[in-house]
Each structure stands twice: as structure tokens, then as C-alpha cells.
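Quick note on numbering: UniProt numbering labels position 36 of the sequence shown as 36, and the sequence is numbered without any gaps.
Quick caveat, the hints were computed from the structure, so don't treat them as lab data. C-beta atoms are modelled at their ideal positions from N, C-alpha and C, and glycine is treated no differently. One thing to keep in mind: the hints can contain errors.
[As the list claims (entries may be wrong)] Estimated spans, in silico, between C-beta atoms of each pair: (1) Ser178 <-> Ile62: 39 to 47 Å; (2) Ser49 <-> Ala216: 42 to 50 Å; (3) Phe128 <-> Glu80: 47 to 55 Å; (4) Asp106 <-> Val169: 45 to 53 Å; (5) Glu92 <-> Ser178: 21 to 29 Å.
[To be verified] Restricting the straight-line Cα-Cα distance to at most 30 Å, the calculated cross-link-like pairs of lysine-lysine (DSBU-like) are: (6) Lys302 <-> Lys231; (7) Lys138 <-> Lys260; (8) Lys138 <-> Lys302.
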Amino acid sequence: MATAANLPPAVAGEAAIGAGQIPAAPPADPAKTPKKKPRGNREARAKASVPLTVVTWLIAAIYAFPLLWFLLSSFKPGSELFSYPLSMIPREWTFQGFVDAWERVDFAQYFLNTATVSIVTTVLTVFFSACTGYALAKYNNKGTRLFFVCILATTMLPTEVILNPTFSVIRDLGLYNSLAGIIVPSVLTATGVFMFRQFFLTVPDDLLHSARIDGASELAIFFRIMLPLSKPILFTLAIFSFQWRWNDYIWPLIVLNDPKWYTLQVALRSIVGAENIDWPVLLGASVISLLPLVLVFFVFQKYVLNADVSAGLKD
Numbered sequence: 001m002a003t004a005a006n007l008p009p010a011v012a013g014e015a016a017i018g019a020g021q022i023p024a025a026p027p028a029d030p031a032k033t034p035k036k037k038p039r040g041n042r043e044a045r046a047k048a049s050v051p052l053t054v055v056t057w058l059i060a061a062i063y064a065f066p067l068l069w070f071l072l073s074s075f076k077p078g079s080e081l082f083s084y085p086l087s088m089i090p091r092e093w094t095f096q097g098f099v100d101a102w103e104r105v106d107f108a109q110y111f112l113n114t115a116t117v118s119i120v121t122t123v124l125t126v127f128f129s130a131c132t133g134y135a136l137a138k139y140n141n142k143g144t145r146l147f148f149v150c151i152l153a154t155t156m157l158p159t160e161v162i163l164n165p166t167f168s169v170i171r172d173l174g175l176y177n178s179l180a181g182i183i184v185p186s187v188l189t190a191t192g193v194f195m196f197r198q199f200f201l202t203v204p205d206d207l208l209h210s211a212r213i214d215g216a217s218e219l220a221i222f223f224r225i226m227l228p229l230s231k232p233i234l235f236t237l238a239i240f241s242f243q244w245r246w247n248d249y250i251w252p253l254i255v256l257n258d259p260k261w262y263t264l265q266v267a268l269r270s271i272v273g274a275e276n277i278d279w280p281v282l283l284g285a286s287v288i289s290l291l292p293l294v295l296v297f298f299v300f301q302k303y304v305l306n307a308d309v310s311a312g313l314k315d
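Could you build all of it, start to finish, from the sequences and the hints given here?
Next up, the structure:
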């Protein structure tokens, strides 16, 4: 007669249950048993991170101090800006600097000019940079790498070197003293092309092959697959491009001659006189000019995330 010791494990278990006995649980696999991290290691890492956190906050405070002083100074009257002893918090709060900046200067027109230049240039920069980066990443034609190296080489040229030839081209095209003269030279940037190319290189080619098998055209692949995947790069470049164009001073100063086309940065420079500077107006106008940049950053920062480039693919 077969004993329970001679039976297979499954049969022996059923026999034991029929006999009213509870079979012993099989031994746990040590490899599958989750290991508990020692509590001491977690506490040690937490204590070690405290000095790093303190240093980080200290560096942030150092960088934020002049900005905070600048913002609070815009609420001070002119007599208090240079009174001794200096105080960070205004003794007398006033909004007169903001009112004078908006009324004394044609601030609305300058604001509209700058917004037009920044928005149009940003849209065109993102679109053409995405197209160029996609072509350089996914089409292996002869001379593609050399062309990409030539684009990157332009980043090593100082801005002052290309100002003269760029101005000559803009003048010959009849774009001098117009907003188009500011927009056209800034449409394509080597930084944007590099960002999109490096991102598109991480997108698996199998995703494109699958779309082509399904009958998608090259334009459909670019607009329906590649652009949605590149949202993090798209919004990151949009934030940078908007900031560059909004704060640009040298090129608008060279191209624009009529005050009605001035951008904010050129208009702010006109507030500064040769001998006398109206500091409350200058500070108020500067703070107003910063608001769109802060708004754009807080609206679009949530989109600056990692993209799932493997969506729709199977292992």
C-alpha cells in the first residue's frame, strides 16, 4: 500500500485533507520573498539628505534675494529708493510707478508689438525646428550628418559676427523697420533643431514602420505620431523661444527705427535718460514686462515631462 511519503505532492495533499489532516505549507522560495530594507539604512539616508536640502534652499535664497528686492522696490516711492538706511520692505506702499509706466509711455503698443513678435516667432521656430529635427533623425540621406554638423557649427559663432550680414539681407529684402525683420532671422535655431533631432532618435523605427504598413503617409506620421510624442520638447522649446524673443534687445534696436514698432526692451531703454532716470517708472515697467514670461512658464511647465515613446509597440 502506498504511503503518503511515496505519493506525489498534489496527491499526498488531497489524501491528507481526506484523512482530516492539514498539509504543511510548501516552503517559501527565498528568491521570491521580498527583502525588507533595514530601517537603519533609511534613517541614515534621511539624515544624510538634510545638509543637502539645507544647502539647496540656501542657494535658492541667494538667487531669489535680488529678485525679491527688485519686486519690492517697484512698490516704493522715488524718495525711498535710495534713502538711508536701506530697507527691503517698503515703508510706504504705492502703485504710482506702475500707473505712470502704463500712461506716460505707449506701453500698450509696445506690449502688443513684443507679443506679436514673440508668439509668431515661437510658433514658427517650434514648427520648423521639429520638421528639420525629424528629417535629420529619420531620413539617412547622403550629407545629412554633414548638414547637421553645419547647423551646430553656427552655435559657435558670436551674435556680433552675424549681425552685419543678417542686417544686409534684411535690408535687401525690404524688411527694415518692420516686425517681420525681427521675426524672419529668428525662425530657425540650432538649439531647437538639436533638441528635436536628439528626441526623435529615441523614437523606435518600428513605430514608423507600423504606421507605414497601416497606410499612413509621411505627413500623417509626422503630425499624428511624432509631434504628439514630442510634446515635452515642443513646450520646452516654446518656453525658451518665447523668453528669447521677449527679452531680445540688440536685434530690434538695429532693425527698428520708427518708435511705433518698438518692442518693450527698446522702449524700456528709452525711459533711461542721459542724466536723469525715473526709477519708479523704470521699475514698474520692468515688472510689467516680466509678467508674461512668468505666466507662460507656469502654464506650460506641466507639459515638460518625459514622453512615452514606446506607446503602441509590443515586445
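So, going through the hints one by one against the coordinates:
1. Ser178 <-> Ile62: 39 to 47 Å: 43 Å Cβ-Cβ, so the 39 to 47 Å window holds.
2. Ser49 <-> Ala216: 42 to 50 Å: Holds, at about 48 Å.
3. Phe128 <-> Glu80: 47 to 55 Å: The hinted range 47 to 55 Å holds for Phe128 and Glu80, with Cβ atoms some 49 Å apart.
4. Asp106 <-> Val169: 45 to 53 Å: 30 Å, violated
5. Glu92 <-> Ser178: 21 to 29 Å: 44 Å, violated
6. Lys302 <-> Lys231: Judged against 30 Å, a Cα distance of about 11 Å means the pair holds.
7. Lys138 <-> Lys260: 45 Å, violated
8. Lys138 <-> Lys302: 28 Å, holds
Checked against the numbered hints above, the structure breaks hints 4, 5 and 7 and satisfies the rest.
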